Structures are given as structure tokens and as C-alpha cells.
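Student: Please arrange chain B on chain A, whose structure you already have, making use of the hints.
As given, the protein sequences belong to chains A and B, one line each in that order. Residue numbers for the first sequence follow this note's numbering, beginning at -17 and rising by one. Residue numbers for the second sequence follow this note's numbering, beginning at -17 and rising by one.
Heads up, some of the hints might be wrong.
If chains are identical, the list can't say which one is meant, so a pair holds when it fits in one copy or spans any two.
[Stated by the list, open to error] Subject to a maximum C-alpha distance of 30 angstroms in a straight line, what follows is the list of computed DSS-like cross-link-like pairs (lysine-lysine):
| # | residue 1 | residue 2 |
| --- | --- | --- |
| 1 | Lys109 | Lys330 |
| 2 | Lys230 | Lys130 |
| 3 | Lys230 | Lys442 |
| 4 | Lys202 | Lys442 |
| 5 | Lys93 | Lys330 |
| 6 | Lys409 | Lys345 |
| 7 | Lys321 | Lys93 |
| 8 | Lys321 | Lys230 |
| 9 | Lys341 | Lys128 |
| 10 | Lys280 | Lys486 |
These are computed hints drawn from the structure, not numbers from a lab. Please read these numbers as outputs of a predicted model, since none were measured by experiment.
Each chain is listed here by its residues.
There are 2 protein chains.
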Amino acid sequence: MQTNEMAPVQSRRRFLAGAAAAAAAVAAPSANAAAKKVAFDKIFDVIVVGSGFAALAAALRAKEEGASVLLVEKMPAFGGNSAINGGAFAVAGSPLQEKEGIKDSPELMLKDMIRSGRGLSHVDLLKMIVEGTRPAFDWVVKYGVKFKPFVQHFGGHSVPRIMQTLESTGGGITRPLTEACAKNGVELHKRCLMEDFVRNDSGRIIGIRAREGYLFPNEKSGVPMTYGARRGVVMATGGFARNIWFRKQQDPLLDERLDSTNQPGATGEGLLKMLSIGAAPVQLDQIQLGPWSSPEEKGFGLVSQFNTIAGFPMGIMVDPRTGRRFCNELADRKERADKILTMIENGKPVYPICFTDSKGVEKAQTLKNGLKYNVIHKFDTLEGIAKAFGMPVAPFVKQVEEFNGYVKAKNDTQFHRPLQLAIVLDKPPFYAVKVWPKVHYCMGGAAISPKAEVLDVMGKPIPGLFAAGEVTGGAHGASRLGGCAIADGLCFGRIAGETAAHNKAASI
Amino acid sequence: MQTNEMAPVQSRRRFLAGAAAAAAAVAAPSANAAAKKVAFDKIFDVIVVGSGFAALAAALRAKEEGASVLLVEKMPAFGGNSAINGGAFAVAGSPLQEKEGIKDSPELMLKDMIRSGRGLSHVDLLKMIVEGTRPAFDWVVKYGVKFKPFVQHFGGHSVPRIMQTLESTGGGITRPLTEACAKNGVELHKRCLMEDFVRNDSGRIIGIRAREGYLFPNEKSGVPMTYGARRGVVMATGGFARNIWFRKQQDPLLDERLDSTNQPGATGEGLLKMLSIGAAPVQLDQIQLGPWSSPEEKGFGLVSQFNTIAGFPMGIMVDPRTGRRFCNELADRKERADKILTMIENGKPVYPICFTDSKGVEKAQTLKNGLKYNVIHKFDTLEGIAKAFGMPVAPFVKQVEEFNGYVKAKNDTQFHRPLQLAIVLDKPPFYAVKVWPKVHYCMGGAAISPKAEVLDVMGKPIPGLFAAGEVTGGAHGASRLGGCAIADGLCFGRIAGETAAHNKAASI
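Bound conformation, chain A alone:
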């Protein structure tokens, strides 16, 4: 299984057209009729495309199961968009939950995720995720991932169940997993663009056409190569948040004016390639906006983490026109983003203000840099916050007093927010940020089975093709809960790696 045989290269280019151009052969076949086999530059058992959570988990699991594995990443660094994600992992039944007496279970997490999915969730896929979080957690810990020693409470979850990497980024997972892949013999190619699939005469996926030395986004850069995959190709290429034409087709409101938290490479070609060979699209217009980002910085930025760890669970968010709260700060992302997006006046956004106090920011690692880059703002008094953002002082102060009363009474009668982590906001200095949503995550994607097989438009698995993570669709329905991208990526990545490694080998 470990043999990486080199196939003869001569005359390869002549009859290798790739699926996209293959239709040509119908009308004017130009290929050598005598040829029986594709000449691959190198053959593996499993090829994984992408290098985020799902890709790395798939590659490493396939390798653990004895497969020879190639992983290709188009960008100049491994980690994909996962590397810049917040590193928050929803685990149902973590050791720290047990230690802190937080009662949780896969069933409870499933319930939370189904609620957030608003009836659109593919429950068969969700079950694989919630049941897989604890095994995936233990597995990444084994490979050296380090988590903070406290559990966090993210919006939409009924209990605190978020484990966050020490680094507060997904890089805290992708880096150790990339290292583990390298150490265990996964062949890792960066700046290698997957251009197309290679299929055999029965339609089975048996490899990829790629460009080595590719320089994003120059389509003509790099050298064409062809790699064989005896057992399967795993697509873990992420979402299309940075593909403005395609996201606008699905949701015309998400136009050029809306920023995205994603890295520039999140352009979705992997998904588009799968769709173009007949993979069934699922719920592509379900595109999530992150409700915690700041209009004062680009991309994911520093404020997103400040809000998830401090502003929302330990502070409050108010409408600057009234000084009043306007939603449950721990509602799920869709509910919060939808509420915020209604705050438009004369065609211009009215940025809500989120703040907490000196106790609330204790765990906010991005505070220091946020202050330095002037996207988190420090105030000695509540009046100071109000004045800085043009809020009416008295109603705002009264709102804070009211909220402090809810915290003491352990009951938010205003918006029914769970208050497990909430604090009385009375310890200056205070820290405040402006908030505006950004395009964050594609719930939709290619249809897969619970075994991570890619399904075609008729519902049949496309032989030799597997997928995991954000490139797939259905699990999260209308809204993914925070911390569930890592859960999905790692759990389904592991499943895809296992399924591909044990898939019957094609003769190529």
C-alpha cells in the first residue's frame, strides 16, 4: 500500500484531457485509441485536496489506516482558512466539562445544532459529528494540540462546551496536524492547485490534474502534473466566501460591499469542480455571517475573538441610538446577524456597540493588540463609552444597571440569555468595540453520505470521491453554531480518511 509507483510519463499530455474538456471527445475524439491507461506522474492510495481541519484529519487518518497519501494545498502555506479561524471546538462531553460538572452529551449538542439549523439540517450527518467530537478531541490532543484550561459558552449552545486552542486560532490545530502528517509520511505539497479530476472509463475518480508551483491566483502559473489515487480523492477544499459572483448568485445581499472573515483563497473551486462533474449541490444559499466582527478592521481581525470570549458572554451589546440591548448576545449567529443587519438608517449601517469591563476581558488574548490597533477602545466610565459613540447617556447607564440586576437574579428577563458566564459590569476600565457582520461560513456545499461519500444529483455515490468539512452541505442547515466548524472538519475529515483508505483499490 505504501508504493508510490512512477508511471511512464511519455506521451501523457497527448491523451489526457481532464473531465472538463472531456466532452470534446464526444464530437471530435483526438485521443490515441490504443491507450488503455492514464500515465500518472505518481500514484497514491489516497489524495487529499486542501489543508484545513478536514483535510489534515482525512490525510492523517488515511495514513494511520495504512494508505499512502498525498495532500495538496494551492496556497503558499498549509492550514487553509482553518489556520485563521478562532480555534474554538465544540466538544460534547469533554474532560473539562466533566471536571467542572457541566452536564453535556452528544444528544444535547445534536438538539442545539438541530435548533440552529431551523429545519434544514441533515440529521444523519449531524449525528456523525456530535458522536465524533470527543474521539476527535482526544485524537488531536494525542497529536499535540493544546487547549485552554477553561470551557467557554458560545451563542446557541445550551451549555458551555467550547474548548479553545491555547493560541486562540485554528492554527493551534492545523500546525500540529500538519507536522504529524509530515512525520508519519503523508506527502505534503503546497502551492499545488488541483485543476481537475481524472476518471476511468466507468466514471470512477482515479486521480487529479494539478499545477505544481502554482501561485494563487494566477491560473496559468505552475507546472501541470497528474497524480493517481487508487482508493480515492478526498475533497476538503472549504467554502466560497471569497467567491463574490457565486455567493451573490446564492444570496444577492452578500455583494462586494460586505467583507469576509475568510482568507483570500476561500474561492470554492474545489466545490465548483465537484458540482461540474455531477455532485449534488445542497443548500448553497445558506451562507453564514459572523455577528462578532468589527467594521474597523479587515477580515477576521482581532475583535471577533474579543467578542466571542469577552464581549458577548461577559458583556452586552447595545444599539447606539437608544443605548439599549436589542438581542440575546448568545443567540445563534443567524439570529444575531439578522438582528444587526436590520440596523440600517438612510442606507448606512448603524454599528452596535459591544462592551465589557476589566474582569470581562481577563481571558481576551486579542485585547492588547486590539487596543494597539485602535479597534478595541478603553474607557474609564460608562458615560465615556456613551459619549464616544454618540449614545444617550442616561438610557445606556440604566440599561447596564438593569442588566447587572439580571445577572444577580440569574435571570435575563429582557432577552432570555443564558447567564452562566455573565458578570456584573461595574469594574472599570471598560472596553468597547463596534460590531458589524462579515461573510463567514458556507453551510451549503456538496451532498455527502454519513460515510463522507460524495453523492451525485441522483443520490448515488460518485465512485472514488469523498469530501469533508465546509465544502460539504447540509449538516448545519440554516445556521452553523460556533465551534462546530472544527467539530465538522475533524469528525468528517476522520471519516473521509477512513472511508477512502478502506475503499476498494481501482486498477490504475
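Tutor: Okay, now just chain B, sitting in the frame of chain A:
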């Protein structure tokens, strides 16, 4: 342009593989390398697939523009799902509106449609529809379509603008248009399944593979034939409401238990074929439920028309548990269906009751048969209605009195329904029906340009491929307004026919 040349048939089967199987050629090309052209059984300028509103309009317009045209329909009769639709056509600025002093315009209709689309509408497509309704109306009248002599008011429209065929079905349009096609020389093939596209070496669509004598749903029935299309193929194959696997992928709530108003052939293969060759999918999970159908009969049935023409505009709908109204009976379809679907108790639907009086049913052509088949129920008193459906009598009677007050005051303070057509409900006998939504229309579909060109996943037109009607996506966003399926089908069918007829001819 009228020449239907017969291409040589010999050895055709040998090198014709079709796009779906074409990938095979990459790995093991079996085709004759010397062959340069596909051998078509017959060549046309334009091939139209489907025979509903969009297909017939496209075929007839292309013919008017001088093209030779083939239209293929897989079912044993022409008309598709359009033939069993309610025949209601939203026209912005009809002669009857002018006569009755109803102020309307394409701009007002656009506003209504955008509101119903809930931010998801592709406004560039909508504009083509609203501007095209009056020309399309005049055009079908010219071909012999007859409309009722009164304008109706459907849910979500801000003014009465529905013209309905005399027959109260779309057949009142598809029949005359089919006849006009035949009379004008469009070649019409029924029981002819489009199986696949034929593309030339540049990827342009130059024809179709079909099965003549096909017997739905037997995939192996019929005789394979290959037809060429010099100027283009127009896909007007409708929605996928009857494809339960695919619709469940998009919206898992729409499972086997939910009936559909559509004919059995609405299985969406035309859409799936386009997606499989790279057409961009748009908003496929936006699937409309008709809020006016009855759980006491199958399919579209008799009650749907009863409710749209009588029950909703001239009666009221109540919750049988309370005897009270629970929504604006003229809200758009999504709002009403969503409201009704919340009425579940112990996992079972609680069917709302819709009723009107003897004046309200005057225009309801399906009344007689509805009574005969016991799906419309007649009562001499309001008490009789309440008792028959287990409703509390006093609150129900009080609700009717309240509503009558709104009608007299011309102001529905309860649910802000437009009352232009509403009547005081006090003239027995009364007629009542049970209501439960059914899967009715796919707002999503393949991406098209305002010229009806099918766009691929990168946003580029697929050469030689056009589409119109329900198979396309985006115009209606999250919810299509009543009467706008005919508007979309006829307007974009006409556009597709024109674009295809004037498309540069391929050399085939």
C-alpha cells in the same frame, strides 16, 4: 434556416458517448480518432426541451424569428406541469385593469415580487419578467388564449392583477400555444426523453441525445436518437417537486409525507443534467409550498382554485382550536404556508378551516365538483361549520362578526389584509374546506442571464445552452408570488426563444 437536414446515420452509435459518459474518454478513449462530426438523425436550428409555458413560448418565438424548431416532451401529453396549473397570470397593466381603474405598473409589480423574495431575488431577472408581462399577455391572446372578464387579487400583490384563463387551468394557455406551434411548423415530439447533451470540441451544446417512444418513468424504454441544434438548446423542463430525494437534500422537511401539487413528471432531470455539465445552481432550497391546497384530495385538486378565487379573497381562514383567524389570508405564499405549518399538535397537523358564503363562491368554478367529491363542504349556518370541524362555536361566530366589521370599515385591524375584494360573510349557505400546504414550486434552479443564457459555475454562459421558467433560479428568491409562474414562463420563454434563434449557428 428551415432545412431539416438528415445527417448520415452509419456508425453513429460508435463514437457518440454523450457528456455524461464522456469522461471515460480521458482514460480510455474508444472513439474513432478520424471522426470529425457527430452524425445526427436530424438537425434543427433550435431544440426546446419541455412543453410547459416557457417551452412553448420559446419554441413559438424561435419559429416566429425564422428558426427551424424541435420541441421534445417526455410525457405522453404536451403541457407539462403548466397544463394543470391554475391558469393565473399576473399582468402589470392589463387592459382589464385599465378598464376597472386599477393603477398598476411593472415597477409596482417588481416591488411586490422583491418584497416576497425576501432579499434573495435576482432583480435583473425580475425586471425582464415584469416588463414582459403585458407584451406576453397580448401575444398569447393573439394565439387564441381566452381570459376571464374580471381581475383577481392574489396574496402578496398590492393590487388585483391576476388574469385567469377561462378554463381556470394553464391548459387554457398550453393548448392554444401547442396548436400554434404545430400550425407554424414547430416539430413536436411527445414521449421523447432528453437524455443528454451533445457538445462539440469547444464545449458548445450542439444537440441532444433522446429516447423516442419513451414511456415515463421506464428509463430503458424508447429508441435512442440524436438531434442537432445549430443555434441552441432551450431547457424549459420545470421543477423537481416530485423528486423526493433531491428536494429532501435541499429541505429535509419536505419528505415523503408531504404531497405535491405537481404532475408525476416534475422530477427535474433537465435541471440535474444542466448541473452535471457545470451550470451554476441557484437557491435550490427555496421550495414553495402552496398554502391553499386540501389534505382531503391528492395533488393540485379542486380546493386550491376554490381558495384562491373564493376562500382567501372573499372568506376567512381560522384555527379550528380557537375559531380565530391566525394570518392575513392574502399574505404571500411563504408567510401563509409557514404559519399553517406551525399548527402541529402531538406530531399531527391541525388543519385550518377556510370558508366563504354564497356570494363568495359565485366565481368558484370548482365548487360543483368539490361538493361532489366531498372536499368542499356546505353548511346552512356558522354553527354548522363550527360543529362539523370541532370548533368552539361562540368564538368562531364572534370572529366572523369582527371580520364583517373590518370589511364594512374597509380596514382589517386584525391582520392588515387588503380588502378590495372582501365581502361581509352573512349570506348562507356557507362553503368550507380543510387546508394544508403541498410542495408546489421550485424557486431555485440553474443560473441564467437576463438573456436566458445558462451560466456555468464561474459565471460564464455555456455556449448554445438557454433556459427559461421553473428550471431556472433566482428571480423569485425565497417565495414566488401567485400568478408569477406563468409570467416567468411566458416572458423568459419568449426571451430564450429569441436569443436562441439569433444565436450564431454552429457548424455541425
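Student: Each of the hints needs a verdict: does it hold here or not?
Tutor: Now the hints, each set against the structure:
| no. | hint | verdict |
| --- | --- | --- |
| 1 | Lys109 - Lys330 | between (42 angstroms within a copy, 25 angstroms between copies) |
| 2 | Lys230 - Lys130 | neither (38 angstroms within a copy, 40 angstroms between copies) |
| 3 | Lys230 - Lys442 | both (29 angstroms within a copy, 14 angstroms between copies) |
| 4 | Lys202 - Lys442 | between (34 angstroms within a copy, 19 angstroms between copies) |
| 5 | Lys93 - Lys330 | between (37 angstroms within a copy, 21 angstroms between copies) |
| 6 | Lys409 - Lys345 | within (15 angstroms within a copy, 71 angstroms between copies) |
| 7 | Lys321 - Lys93 | both (23 angstroms within a copy, 23 angstroms between copies) |
| 8 | Lys321 - Lys230 | both (21 angstroms within a copy, 29 angstroms between copies) |
| 9 | Lys341 - Lys128 | within (24 angstroms within a copy, 75 angstroms between copies) |
| 10 | Lys280 - Lys486 | neither (46 angstroms within a copy, 46 angstroms between copies) |
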